[in-house]
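Enquirer: Listed below are the residues making up each chain.
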Amino acid sequence: MLNDAVNASVVARVVDLVPLSLLGGVLGLDVVSFPQAMISRPIVACTLGGTFAGDAVAGLICGAALECLAVESLPVGASRYPEWGSASAVAGVIAAQGAAGSIIPQAGSLAIAVMIGIFTAWIGGWTMVRHRRMIASWARPRLELLAAGNVRTVMSLQLYGLTFDFLRGTLLTLVMLIPTLWFTDWANAHWNLNGDITKAVVVTSVAAVAASAIWKDFHAIAGTRRLFLAALALGTVGVMMRG
Amino acid sequence: MADTETFASGPSGTPSGPRAPLDRATHLRMFVRCLAVQGSWNYELLVGNGIGFCVEPALRRLPGGVDGPAYNAALARQCTYFNAHPYLASLAVGSLARAEIDMTPPEKIERFRKALCGPLGSVGDRLVWAAWLPACSLVGLLIFGLGASPLGVVVGFLLLYNIGHLVLRNWGLRAGWQHGLRVASALGAPVLQHGPRYIGRVAAVVGGLALPFAVHRAIGGGPVNTPVPLSVAFFTPVLAVGLVRLHGRIEGWRIVFVILSALVLYSVVR
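From first to last, the protein sequence lines are chains A and B. First residue of the first sequence? That's 8 in this note's numbering, and the numbers climb one at a time after it. First residue of the second sequence? That's 156 in this note's numbering, and the numbers climb one at a time after it.
Hints listed in this document are in silico derivations from the structure and should not be mistaken for laboratory results. Quantities reported herein were computed from a predicted structural model and do not represent experimental measurements. Every residue, glycine too, gets a C-beta built ideally from N, C-alpha and C. Hints are supplied without guarantee of correctness; some may be wrong.
[Unchecked claim] Per label pair, the in silico range of CB-to-CB distance: (1) A:VAL18 <-> B:LEU315: 41 to 47 angstroms; (2) A:VAL25 <-> B:VAL322: 35 to 41 angstroms; (3) B:ARG352 <-> A:VAL18: 53 to 59 angstroms; (4) B:PRO392 <-> A:ILE204: 15 to 21 angstroms; (5) A:ILE204 <-> B:VAL322: 42 to 48 angstroms; (6) B:LEU315 <-> A:ALA196: 39 to 45 angstroms; (7) A:ALA196 <-> B:THR381: 27 to 33 angstroms; (8) B:MET258 <-> A:LYS223: 47 to 53 angstroms; (9) A:VAL136 <-> B:LEU321: 25 to 31 angstroms; (10) A:VAL18 <-> B:ARG179: 46 to 52 angstroms; (11) B:GLU265 <-> A:VAL25: 46 to 52 angstroms; (12) A:ARG233 <-> B:ARG404: 21 to 27 angstroms; (13) A:ALA237 <-> B:LEU420: 35 to 41 angstroms; (14) B:MET258 <-> A:LEU24: 50 to 56 angstroms.
All chains, please: the whole structure from these sequences, using the hints.
Expert: Here is the structure:
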């Protein structure tokens, strides 16, 4: 009887993951294939993941942290870069799971969500490369048909690429969610570090990446560094006045 | 507004002669397809098949229609290797469609196609990936830092970004159709040439304002003269300077991953 109950709860949990995985598929598709409207950016995708898992604010805070990292990586052409879409859905769900009804995610959950978000984005970048190679290998035997201007081949190649990109994101989200949700439960139960210190480490490290990215990205434009430093000082004063 | 009129009139899908106007329905079909131009992106054709996919609705207007040899020959030409920024690919789609409908000699179209790859890639990367996207991200972080709700942040970011995104794609398609093989003049548009400079300056200001507010909200708000906000304010610039010095050798997200993995490991096993 106990085994049946455990099996039923495992099945129920996996079924719960289906809509989250489909969300990951849609977000993964947005990164490159369709429509590149940037719903796959962490600040959006993580919030959506958190909302699907029951806590939009937790997803948003985690999304803001991952957005600081995403500012650094430019999705340029054929280069391999982190796939933040599906990864952010996974991270948002993890952050929301750790919020457990509070206003913000538990510090441990935030650290784990950001860590797993980065790891999933890295794996996602690898799957994107495999996906592109797969399309090439599917297109290769059909090059003669393309050279003859066969419209069916053009359409099928496009649909094949879009469908498999959606499946790639869906599977990636599902495969990452199953172990990481279990791991997050376990890690939260064993979290020994002070919450404030944990949050400080997470926020310091991601904010430093964003600051260095702004400094580097716009260095070629005269005067931007001075503008950045002046605005940073103004922002700091603004926070002090509000705090 | 000559191009607008050109897009506005003419029966949908009717095969017609050279310089036939492009109707709204065909324009809409091409625009929607442009959103999926990278759907079959691969390391052999790059975005080539996607260009053929987007140009196809216009090619139906060639003499003989979809069963004619002109249609097949044009589609075959448009599905070969091509590289461009995905948003500015619409400029190529418009101009190549116009060239095909104008019955431009094939060798001229092929030369034009090759010449177009480089500029569309570099201009688009500079304008969108290196300027507009980070600028909108930083605006999103500023909205977050100012305490907006999840819906406010998401809608604010998506609205701002997609106004630029969709306007650029639509402009590209229209300008490409209007200029045809003389599309180089469209690439000299002030927004494409000087946009990255102005957007970069605005992004630097927004980024400077956004970071302190976003950091403050992410650590839970509250008084700033306590140990946690003060230590964040001290260590963030120190780490940022270290990351700037490592420029080109390792990405920041990899370093953050190592730091957080060590943190998680330390916290759960100690």
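Enquirer: Now tell me if each hint is right for this structure.
Expert: For each hint, the structure was consulted:
1. A:VAL18 <-> B:LEU315: 41 to 47 angstroms: Holds, at about 43 angstroms.
2. A:VAL25 <-> B:VAL322: 35 to 41 angstroms: This hint holds: roughly 37 angstroms between Cβ atoms.
3. B:ARG352 <-> A:VAL18: 53 to 59 angstroms: 57 angstroms, holds
4. B:PRO392 <-> A:ILE204: 15 to 21 angstroms: Since the Cβ atoms of PRO392 of chain B and ILE204 of chain A sit about 19 angstroms apart, the hinted range of 15 to 21 angstroms holds.
5. A:ILE204 <-> B:VAL322: 42 to 48 angstroms: Given a distance of about 46 angstroms, which is inside 42 to 48 angstroms, the answer is holds.
6. B:LEU315 <-> A:ALA196: 39 to 45 angstroms: 41 angstroms, holds
7. A:ALA196 <-> B:THR381: 27 to 33 angstroms: 28 angstroms, holds
8. B:MET258 <-> A:LYS223: 47 to 53 angstroms: Given a distance of about 49 angstroms, which is inside 47 to 53 angstroms, the answer is holds.
9. A:VAL136 <-> B:LEU321: 25 to 31 angstroms: Given a distance of about 29 angstroms, which is inside 25 to 31 angstroms, the answer is holds.
10. A:VAL18 <-> B:ARG179: 46 to 52 angstroms: About 51 angstroms separates the Cβ atoms of VAL18 of chain A and ARG179 of chain B, which means 46 to 52 angstroms holds.
11. B:GLU265 <-> A:VAL25: 46 to 52 angstroms: Holds - the Cβ-Cβ distance for GLU265 of chain B and VAL25 of chain A, about 47 angstroms, lies within 46 to 52 angstroms.
12. A:ARG233 <-> B:ARG404: 21 to 27 angstroms: Given range 21 to 27 angstroms: holds, Cβ gap about 26 angstroms.
13. A:ALA237 <-> B:LEU420: 35 to 41 angstroms: 40 angstroms Cβ-Cβ, so the 35 to 41 angstroms window holds.
14. B:MET258 <-> A:LEU24: 50 to 56 angstroms: Holds, at about 55 angstroms.
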